[in-house]
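Protein chains in written order, with UniProt numbering: chain A, 1 to 197; chain B, 1 to 197.
Hints are supplied without guarantee of correctness; some may be wrong.
What the hints assert, rightly or not - Straight-line C-alpha distance at most 30 Å; calculated DSS-like pairs for lysine-lysine:
(1) B:LYS142 <-> A:LYS186
(2) B:LYS82 <-> B:LYS71
(3) A:LYS57 <-> B:LYS27
(4) A:LYS152 <-> B:LYS194
(5) A:LYS67 <-> A:LYS27
(6) B:LYS194 <-> A:LYS74
(7) A:LYS152 <-> B:LYS80
(8) B:LYS186 <-> A:LYS194
(9) A:LYS74 <-> B:LYS142
(10) A:LYS71 <-> A:LYS11
(11) A:LYS186 <-> A:LYS152
(12) A:LYS80 <-> B:LYS186
(13) A:LYS57 <-> B:LYS71
(14) A:LYS71 <-> B:LYS194
(15) A:LYS186 <-> B:LYS67
(16) A:LYS142 <-> B:LYS71
(17) B:LYS82 <-> A:LYS152
(18) A:LYS74 <-> B:LYS67
(19) A:LYS194 <-> B:LYS38
What the hints assert, rightly or not - Here chain B is said to cover these stretches of chain A; the calculated rule only asks that three of the stretch's residues, wherever they fall, bring their Cβ under 8 Å from a Cβ of chain B:
(20) 77–87
(21) 90–97
(22) 100–112
(23) 125–137
(24) 145–153
(25) 160–172
(26) 186–197
Claimed, not checked - Computed list of chain B residues with no C-beta within reach of chain A, every gap over 12 Å:
(27) ARG15
(28) ILE43
(29) ILE49
(30) GLU139
I should point out that these hints are in silico values taken from the structure, not numbers from a laboratory. In this text, a Cβ means the ideal position worked out from N, Cα and C, and glycines have one as well.
What follows is the residue order along each chain.
Number of protein chains: 2
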Amino acid sequence: MASKDRILRQKEETRNNILEAAYSIVKEEGWQGLSMRKIADKIEYTAPIIYEYFSNKEAILNELTGKGFIKLAKELQSAKAKFDKPEDQIEAMWMAYWDFAFTDTEMYQVMFGVQMNCCSQQCSAAEAPYNLFTAVIAEIMKNSNPGPEVIKQKYFTFFSVIHGLIAINIINKSEVMETINNQILKDAIGGIIKSIQ
Amino acid sequence: MASKDRILRQKEETRNNILEAAYSIVKEEGWQGLSMRKIADKIEYTAPIIYEYFSNKEAILNELTGKGFIKLAKELQSAKAKFDKPEDQIEAMWMAYWDFAFTDTEMYQVMFGVQMNCCSQQCSAAEAPYNLFTAVIAEIMKNSNPGPEVIKQKYFTFFSVIHGLIAINIINKSEVMETINNQILKDAIGGIIKSIQ
DNA sequence: TACATTTGCCTAACAGTGTTAGATTATTTA
DNA sequence: TAAATAATCTAACACTGTTAGGCAAATGTA
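Generate the whole structure from the sequences, applying the supplied hints.
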């Protein structure tokens, strides 16, 4: 009855194969290009087989993101281990986080729902808000006579904080409370304004 | 030959109807629930008709985001008009930006590609990175003896900046340069660390 | 007015998606 | 060897975006 073991091992293996196939497709074609039939093709089965290992497509994405978080955690850990002072540790950790987002971009996109869309392409309407903000930033900084690159950078700093905060609130919905939002908004915006003046 | 005018006006009207129908579906079911046939149903036509007004689905989303940016710009403008000092103006503008993101959430999602995904649900693996960061933050702040809420808030502040910056880089790809990234990373992370100590 | 042409709109279809039901084949058990 | 079970496939459903072809009404021309 040792064949039971072999069968269980085989099952575990095809389960892994499905995940690996899925991830390789995601890496090649982006997570929008992932389909059950493509996975099936890659593991040399037909699509319905996958449903004996995962209840649906979302479950595969879910497990994939789980693996993503584990990998991220590992890299954070090893970044932390390189330093003793917590101030240095956290800087290294956020840098590792940053690296993770760009070496495993597709993974990061599935994990945090970042999607590239039409807006960035040629949509000229997107320039209006940008121009409005940079005009005011230039006004604030007029004493130090900054170049356009500096203003652009300050705009991106603002945008990062706000957009990031909005993203958390949209993705995590209920989790984040009003008070924290207000605090961060006031702190961050106020802080950046001060650093500009 | 005034009928030419009427026909042109009618064409313009159904074009608008398509956009309005599309947006109402997006508001009701999220932008993933948008389909050509649903739009067709709503304007009481069949799907192929839409292709006489828009070359494809993406073009509709594109025009919709265009309108979104115009609306956003308007609200930024009126927020700016309420104040005289540029410091007050930019704060009001970012607050207006924030409001826009949550009154027109679906629109904001299409405009900036924020998507809610599996990760936020029950995925317990997502907690590992969170715990790693908050542990170090607590270590840095141990002298001021902060409560868990404060630590959570500081974590979100960090995360906002980094995630926002990553999102810009993924969405806008080429636009943003290395130097700006490094500058913002160093400025923002360093700044927040100092504010924590 | 009669015919030709253009326009508006629809049906049907293609290729793709996630997912399920039922049949078929292979393997194991009695 | 026969029955039961497991593994796998085919076919289908209900969708998706998109295109081709045809029908009928409106228009332009003689």
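Okay, the hints, checked on the actual structure:
no.: 1; hint: B:LYS142 <-> A:LYS186; verdict: holds, 23 Å
no.: 2; hint: B:LYS82 <-> B:LYS71; verdict: holds, 17 Å
no.: 3; hint: A:LYS57 <-> B:LYS27; verdict: holds, 25 Å
no.: 4; hint: A:LYS152 <-> B:LYS194; verdict: holds, 24 Å
no.: 5; hint: A:LYS67 <-> A:LYS27; verdict: holds, 14 Å
no.: 6; hint: B:LYS194 <-> A:LYS74; verdict: holds, 26 Å
no.: 7; hint: A:LYS152 <-> B:LYS80; verdict: holds, 19 Å
no.: 8; hint: B:LYS186 <-> A:LYS194; verdict: holds, 17 Å
no.: 9; hint: A:LYS74 <-> B:LYS142; verdict: holds, 25 Å
no.: 10; hint: A:LYS71 <-> A:LYS11; verdict: holds, 24 Å
no.: 11; hint: A:LYS186 <-> A:LYS152; verdict: holds, 21 Å
no.: 12; hint: A:LYS80 <-> B:LYS186; verdict: holds, 17 Å
no.: 13; hint: A:LYS57 <-> B:LYS71; verdict: violated, 36 Å
no.: 14; hint: A:LYS71 <-> B:LYS194; verdict: holds, 29 Å
no.: 15; hint: A:LYS186 <-> B:LYS67; verdict: holds, 29 Å
no.: 16; hint: A:LYS142 <-> B:LYS71; verdict: holds, 28 Å
no.: 17; hint: B:LYS82 <-> A:LYS152; verdict: holds, 24 Å
no.: 18; hint: A:LYS74 <-> B:LYS67; verdict: violated, 43 Å
no.: 19; hint: A:LYS194 <-> B:LYS38; verdict: violated, 49 Å
no.: 20; hint: 77–87; verdict: holds (count 4)
no.: 21; hint: 90–97; verdict: holds (count 6)
no.: 22; hint: 100–112; verdict: holds (count 8)
no.: 23; hint: 125–137; verdict: holds (count 8)
no.: 24; hint: 145–153; verdict: holds (count 3)
no.: 25; hint: 160–172; verdict: holds (count 13)
no.: 26; hint: 186–197; verdict: holds (count 8)
no.: 27; hint: ARG15; verdict: holds, 17 Å
no.: 28; hint: ILE43; verdict: holds, 22 Å
no.: 29; hint: ILE49; verdict: holds, 22 Å
no.: 30; hint: GLU139; verdict: violated, 4 Å
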